Amino acid sequence: MDKSGHGAEDPHVRPHLALLLVAVGGFSTVVLHAADVLPAQPVIPDHTFNLRDFGAVSDGSTLNTEAFKRAVAAVDQAGGGKLVVPAGTWFTGPIDLCNAIDLHLEAGATILFSPKFEDYGTSPRYRSLLQTVNAHDVKISGTGTINGHGDAWWSAAEAFKVEANARKARSNTMPRPNLVTFDRCQRVRVEGITLTASPKFNLVPARCEDVTVEGISIFNPHLQSANTDGIDPSLCQRVLIAHCRIDTDDDCIAIKSGGPAGEGVSDVLITDCTFLHGHGCSFGSETSGGDRRVTVRNCTFDGTDIGVRLKSDRTRGGLVEDVVYENLTMKNVGQAIVIVSYYPDRDIPQFGEHAESKPVGPTTPAWHRITIRNVTATGCTKNAGMILGLPESPATDITLENVSIEAPAGLRLGYAKNLTLKKVAVKAAAGEPLLIEDTVTNLKRTD
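Residue numbering for the sequence shown is 5 to 451, as defined by the working numbering.
Derived by calculation from the structure, the hints in this document are not laboratory data.
These numbers were taken from a predicted model, which means no experiment stands behind them.
Do not take every clue at face value.
As the list claims (entries may be wrong) - Result set (DSBU-like, lysine-lysine): computed pairs, CA atoms no more than 30 Å apart in a straight line:
| no. | residue 1 | residue 2 |
| --- | --- | --- |
| 1 | Lys-362 | Lys-431 |
| 2 | Lys-386 | Lys-426 |
| 3 | Lys-448 | Lys-427 |
| 4 | Lys-73 | Lys-165 |
| 5 | Lys-362 | Lys-421 |
| 6 | Lys-165 | Lys-335 |
| 7 | Lys-362 | Lys-448 |
| 8 | Lys-426 | Lys-335 |
I would like the entire structure built from these sequences, with the hints used as guidance.
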């Protein structure tokens with residue numbers, strides 16, 4: 005914002021471009037349209053370092069923690085550069101990166117993290133396995149793999165989840181380290197690599213500006229790796245996620261803004277990604293900081309629990325506005341579209357039930373100006389989904405356009421106003437295709 009309170013022009017959000025082609029890092033061309041997000045890219049000095057030169061051994065069992073420290077320190081002392089991780093399996097404890105570094109994993113290179121819990125602190129304050137804090141111009145590149153040895157954590161995490169669910173706890177996530185995090189960083193890029201076997205969340209840019217994630221793969225075994233989100237941009241500005249493939253046990257992507265109002269997520273483009281197992285491309289459940297100007301485009305969902313998902317509740321909600329999901333193909337997802345102000349699912353009122361209205365507060369969820377268009381969903385396994393706000397905060401100005409869904413049951417609509425359905429076709433195997441409650445006001449339908 006400028007001093008007048010109006011939005012100052014951001015050089016990385018180009019509102020006047022009609023069409024732009026971007027080809028960065030040798031990846032497939034990303035087609036960007038007017039007002040799309042162009043994060044600033046990291047600038048890395050032309051110095052090259054090889055991990056082997058710092059005493060590292062790639063036998064998969066020799067501990068290389070100190071070698072990584074020495075190598076990163078050398079890059080830092082030189083003012084930045086590329087740290088090459090050659091082919092081989094490099095066993096290590098935690099790694100911290102510095103300013104102006106490109107951690108480059110060559111083909112056949114695997115960074116394998118220690119499975120010892122104590123290497124990452126103590127519960128609940130575990131540090132991430134690979135982290136970068138308060139840095140600028142940071143890159144992770146190449147075609148190698150970062151393996152978090154998550155199987156050491158998952159059985160305990162699953163037991164924790166089962167027990168927490170049984171007692172209806174607000175959180176069912178056992179404290180564990182994330183795999184890769186960037187905290188309060190500027191100009192971050194992650195490209196080409198594979199992230200796998202994360203103890204918890206895989207890639208978390210938090211409170212960062214100008215983040216690009218291009219062409220990475222994330223894999224954690226479904227039903228074995230509890231709460232292993234793929235990519236979680238948290239309280240970030242200007243984020244581009246493109247050409248990624250995510251197969252995991254929780255949110256494939258979760259845009260999170262668990263902070264004070266106005267300090268949330270803004271200007272995000274997620275495009276040309278493939279989502280397999282997992283909970284879809286989501287907002288929340290933390291939205292208290294607010295989310296604005298987010299586009300999800302040209303993505304495929306195959307076997308995902310949910311496709312489009314916006315979730316929050318009265319304890320962690322905020323304003324989410326100006327969101328577009330467009331050009332999406334879904335196959336065999338559980339639900340196609342879910343916008344809901346009750347979380348977890350057990351708190352959702354039954355169809356037709358009039359929920360209690362409560363005072364609007366700073367953590368009341370608010371969904372405004374959400375557009376979902378050009379969506380085809382076949383073979384849904386649960387139902388078409390739902391749009392369900394709150395009595396005191398209906399989902400407002402929601403538009404579904406050119407949407408086709410085939411599902412066992414229809415699309416539930418409740419606690420919404422100014423809802424527009426244009427060329428929406430829901431084919432329900434049983435019951436009505438649209439389950440419209442009397443809490444929907446100003447519904448507009450056109451064929």
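Verification of the supplied hints:
1. Lys-362 x Lys-431: Violated, at about 35 Å.
2. Lys-386 x Lys-426: The given pair, whose Cα atoms are some 23 Å apart, holds under the 30 Å limit.
3. Lys-448 x Lys-427: Answer holds: Lys-448 to Lys-427 is near 11 Å, not above 30 Å.
4. Lys-73 x Lys-165: 35 Å, violated
5. Lys-362 x Lys-421: Distance of about 18 Å is within 30 Å: holds.
6. Lys-165 x Lys-335: 28 Å, holds
7. Lys-362 x Lys-448: 27 Å, holds
8. Lys-426 x Lys-335: 22 Å, holds
Of the numbered hints stated above, those contradicted by the structure are hints 1 and 4, listed in ascending order.
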